[in-house]
Amino acid sequence: MRKIMPTVAMTLALMVPTFALAVEACCCCEQDPPGTQAGHDAHAADTDRAAHDVVTSPADGAMTNGSPDWFTATFPHAMTLKTVTVTAEGRDAVAVPVAAAAATTRVSADLPTLAPGNYVLNWTAEGADGHEMTGAVRFMVH
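Under the working numbering, the first residue of the sequence shown carries the number 1248, and numbering increases by one thereafter.
For the record, the hints were derived by calculation from the structure and aren't laboratory data. The hints are all genuine.
Derived Cβ-Cβ restraints for the label pairs, each shown as a range:
#1 1363 / 1307: 10 to 20 angstroms
#2 1312 / 1347: 30 to 40 angstroms
#3 1312 / 1376: 32 to 42 angstroms
#4 1309 / 1340: 13 to 23 angstroms
#5 1383 / 1313: 18 to 28 angstroms
#6 1304 / 1363: 14 to 24 angstroms
#7 1338 / 1376: 33 to 43 angstroms
Heads up, simulated EDC-like pairs for lysine to aspartate or glutamate below, C-alpha to C-alpha not over 20 angstroms straight-line:
#8 1329 / 1379
#9 1329 / 1357
#10 1329 / 1316
#11 1329 / 1373
#12 1329 / 1376
#13 1329 / 1300
Treat the numbers as computed from the prediction; the structure is a model and nothing was measured. Just so it is clear, CB atoms sit at the ideal spot from N, CA and C, and this is done for glycine as well.
Given these sequences and hints, build the entire structure.
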């Protein structure tokens, strides 16, 4: 088995060149290389990063039964929620108050009562090292 595994790994590296390339870890979560995650660009000049591995409620594409009471985001590492805005279709964005809180893996903000319609919720969060993540959630209130 010890002799087979290196041979298999070398064969895969030769057959699939992308496996043989050196990869740089993601700046915000040290997971996948920048080219494999949406919103990550190895040559980007700014430090903003699009969110990945983030679970939100409401979820992107959700159809809620009534106005959601709050927005929640769960991160793979501790973050501090900085801004939240909600935009109804055809209207101006409304800033949602974000309470100051310590960095944690689960953050939330109370939402205003939303009338039935389509919405886009934009958020930004910051890690302890100063890196920023951003995200957009599109959802419908019934």
